[in-house]
Amino acid sequence: MAITIDDQYIDSLAPNAAAAKNGRGLLQKKKLVALYRTADDTLIFGECAGSGKSNYQCSVDFIQQDKPVSRCTCPSRQFPCKHALAIMYAYAAGETFNEAPIPEDIASKREKLEKREEKKEEREQSASTPAESARKKTASKNALKKKIQAQLDGLDLLEKLTLSLVRSGLGTADKQVIKNINDHVKQMGNYYLSGAQNELRRLSLLLADKSDPEQRYTAEVEQLSRIQALVQKGRTHLQARLEDSELALDTDSPIEEWLGHTWQLAELEQYGLKQEAAELVQLAFVSYEDAGRQEFVDLGYWMEPDKDTIWRTFNYRPYRAVKHLREEDSYTGSVKVNEWYRYPGDLNPRIRWEGEIPSSLHADLLARVRQQAKGSYADAIKTVKNQLKNPLADAHPAMLLHVKSTYKGNNGELYITDEQDQQLLLGNVQDHSFPIPGTTELLPYIAQDGLHDAVWLGVFQHHVDTGQLLFQPLSMIGEQEIIRLLY
Amino acid sequence: MSTALLQEVYQETRRLYIAGSDLAKDDFRLNRLLPRLQQLGERSPVFKRIGDGVATLLAGSSTSEGEDSATQLQRLTLLVLSVLRTQGSTASTSEQAEPLSSEDITLRTRLTYRQLAPVQQALTTTGGGRYEIVKHAWQEGYFEDVRLLPLAVSALADPYSDIADLAMNSIVPGYGKPVLPYLMDDFDPQGGKLEIRKMKAIQAIAGAEYADFYFQTAETTKGDMKATAIAGLAGLEQYLPHLLEWSKDKKKEVRAVAYNALAQISAPEAQEVLYINFSDASRDLDLVVDALLVNMQPELAKRLHAAAWEALEAVASHPPKDETVQHYNNELVAHFRVWNHHDKEALLEMYRFMVKHPKPFQSMMRENYHKMTLLEEPASALAYEGNNDDVELLYQLEKVYPHYILRVATAVYRHRSPQEFYKHFSQGLGAGSHRGGRHATPNSARIFEWLEDQLVKHEDSEVELLYSDGETHRYDLWFHTFLPLEEMEAKWDPRWLDIMLAHHQTVLVAAFARPGVQEVEELLKAALIERGDLTHRDASLYFRALHRLGMSTNELRKLFWDVMESKKGSASNTVDPFIMRLISQFPAEDIERLEQLIPDSDEKIRGKFRYTAASQLRAVIQQMKEMKA
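So the protein sequences, as listed, match chains A and B. Taken in order, the first sequence gives residues 1 to 487; the numbers are from the working numbering. Taken in order, the second sequence gives residues 488 to 1116; the numbers are from the working numbering.
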């Protein structure tokens, strides 16, 4: 089995842009002094000159094709390190790799890995004996009840705080008030309510913001309203769970995540959310800072050809750990995944997978994606509004729309039309918790075939002050390529 | 659904959020909306619920569930906002619209997030290192990605001028015509620096095609913007009357670009303005010269050439007095600049005339140059760029003005034999003496200094350093050396050595030294012992000369230790790599002695190698130890 890797795939493996650049640099500076591959082409390895006296011994193991493992004798804590990346770039560039037997240490590492996998499987099987799992369940049930009760207490605390703020008025929110809210943000950490904690932090950040007060007040009112909804819905949901003998998690709506539940893949599997093998195409990507969550977020929009759901992948990088986590890159190919998981969600559920095999994007795939575009804006808008009326739902649902034509009105605004000449205004998202770059200003520079009889992926935004529902284009799915207005 | 009424309710609740829900009781403005809500409520359950919510809030009393105004306001707003979100309008409000059309765009979006994001960040923030990122992006062709276009245009206003210049001169013009509407759309002629840069970028892309736009802008603006706009009209004869007018503008920058534009127009009126300003040596003479440096029409060149000779001859025949001095001075200097740029040979001809008739020109002082006469430049130019015949002219000049001796030296060295050079310049030096009075004539000091410049060169060399913590480093060191021996023999008369000995010019003795002259070795050794250290460049030059004379390593070693162990002298910060190479050839028994030359941290040992020199010596000692082992 030959490994098929291209530069873009290698870029996507790199932990950050600098590592990719340095890896390429090593190749250009001819620092790779020996390149080998095994006869079955599952392992590439070699030596790379470093600053020290001896060369680094470096290898990339493709025995599990969707989860390449890199190893290197260099002291870097990044995986893959620049040396491993350099070896992969060299392989992709068609450099000569001499055939060689697999090094002993790697053979033994492969063995260990295999054993570990076996053990894991055994453990999974043994864990599923009914008696044992029942015992575990009762023990955890009591703990879970306590946890839910704590969450309810937390919601009470949150409600008390926000109501006192509403009573005295946003106009009176001074440093002291903000400090009090920040203290509560910390306290919320004790109630297993990280979702609610984030919403309260967003409110605090809005109050502390010194920019245009009019816009800020609108955002603050919306945020207070959102917290109110969270308190109401959360309370109803938690009480219902307490009454449920199984104390089961809700998978019909994202309520668990809104409150702060972090889904484990095993849980998702347990609730039947594991998906069959599929090919996925990334349509758009963005990386932004979410100060409310105190995290950087790498967000990808994906589709399966022939299916109309737009999925989202989220890679959260907490401020504290940002140096050690891989920042994702946009990806213009497609990927094949063997098993993947969907999270409970609304229009654009979150998905996740662990290993992937890169594949190239071709016209046929694009045509199949294009076919999924919604032709009627009336229907699309109805679906979107149905989501937006829930204040807790994602405020920027993504849709794939067919664009018959793009217009510029004499008031300067841009809009698109569908086959029935229904109009949809265009505008950039303006949201503190979803700070993405603007794209509508790029439209005059897009070739005609992207503006008329085209397929666009975009996100919606409702502006409460103007009463407008706007659409921000993110990507244009062309017949040959995707024009990415965002990333 | 009455969205307008819902909006009103929302606005009133928003106001209450700001003021505080405690003030909601009997709120006059909210109350005003109640009848309409109740009326609609009869038909629509949603409006009924909203109407009830408003009524409860207005009543100002706690409900049976103990909910106070804050809860009531929260509940009401939650409902109103939810309903409003289902009412968002997606239709355009314009009466007219046209399909969005793009120019001939070939821009695509090929960059990945990781490539794009750093450039976007560099162009939207401030801080160090941004220029390198932007420049790299431009070199890599990243700006062909349409997503960088708006940022490229806004980079014209970047506070860091290198980035703004790169955008103006390269990045934005690189987009070509498709970017013009983007630049023109929000162009504000009354604006500041950004708009001026936009104008320059537009001119770089559109050229004469947008001349009328430049003209309109020039007509309606002042100062820098006007000047920038006029620059776009250079060479366009249809704007001649306006350019002539602008050449009389009150603002200097406007006149400057007007002259520049006129210089590119061959029409007689344009050329006449330039000629008059030049020959009158008007206040704008420098501006006109600047314009002519860029562009000079052949007809005007002929006229100015004649004028130059007329002026030269006038000065030579009737040396100017009083107010005319300034006039001729300015005019001649202007000619020097013009002809230096356009016709070097014509200029040298003028210079030869001046050197042949030196007196009037020597008496004219150049403006803005400290004590420099009008004759300095001609003498210098003939020395460095003249031919063999010009040597005679300079000999003649030296007779009248001996201080031009170095110009003569340069010319003679370039064109004549070493023997002629020796004959001419050794004469004026006087006999020399061993005691005092080292410079027998005023010019001898000048000549000795000039000779040193010719014979002692400096060089860069990478040296190895070993720090006291054991780290090794490489470092570029700057030191002095002599011309190679073969070059000395080919270019210099050997008799100079005797002159230098007679005049006690030790460095020059070292430079001219050749084997077999006993006196030299003694003089240099004595000079070294006298110094007692290696701090001055002369010390290492003496060592180099002694080596050149064939002194053995062992003799040099003895001399080195005599110098080091002399009570005189001080510590060196750096040492010539030549000396270090010499030391490395010392026997291993010297190692301990060498170590004593490095001062220790508490300065108990007062060695003569400190700082970098100490690190140099450590590296050499280590090398010697390795050799020994």
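Calculated directly from the structure, the hints in this document are not laboratory data. Please note that the accuracy of each hint is not assured.
DSS-like mimics (lysine-lysine), calculated; alpha carbons at most 30 Å apart, straight line [unchecked claim]:
id, chain 1, residue 1, chain 2, residue 2
1, A, Lys389, B, Lys1115
2, B, Lys843, B, Lys738
3, A, Lys233, B, Lys512
4, A, Lys29, B, Lys622
5, A, Lys31, A, Lys67
6, A, Lys112, A, Lys160
7, A, Lys147, A, Lys233
8, A, Lys160, B, Lys512
9, A, Lys382, B, Lys535
10, A, Lys233, B, Lys535
11, B, Lys680, A, Lys210
12, B, Lys910, A, Lys21
13, A, Lys31, B, Lys535
14, B, Lys978, B, Lys1045
15, B, Lys512, A, Lys389
16, B, Lys910, A, Lys408
17, A, Lys30, B, Lys622
18, A, Lys210, A, Lys274
19, B, Lys622, A, Lys408
20, A, Lys385, B, Lys622
21, B, Lys664, A, Lys404
22, B, Lys535, A, Lys160
23, B, Lys622, A, Lys323
24, B, Lys512, A, Lys175
Computed footprint of chain A on chain B, listed as stretches where at least three residues anywhere in the stretch have a Cβ under 8 Å from a Cβ of chain A [unchecked claim]:
id, stretch
25, 662-670
26, 867-880
Just a sample of chain A residues kept apart from chain B, beta carbon distances all over 10 Å, derived [claimed, not checked]:
id, residue
27, Val69
28, Lys307
29, Lys408
30, His452
Keep in mind it's a predicted model, so treat the numbers as computed, not measured. All residues carry an ideal CB built from backbone N, CA and C; glycine is no exception.
- Task: May I ask which of the numbered hints given earlier this structure violates, with the numbers listed in increasing order?
- Result: 1, 2, 6, 12, 13, 14, 16, 18, 19, 20, 26, 29, 30
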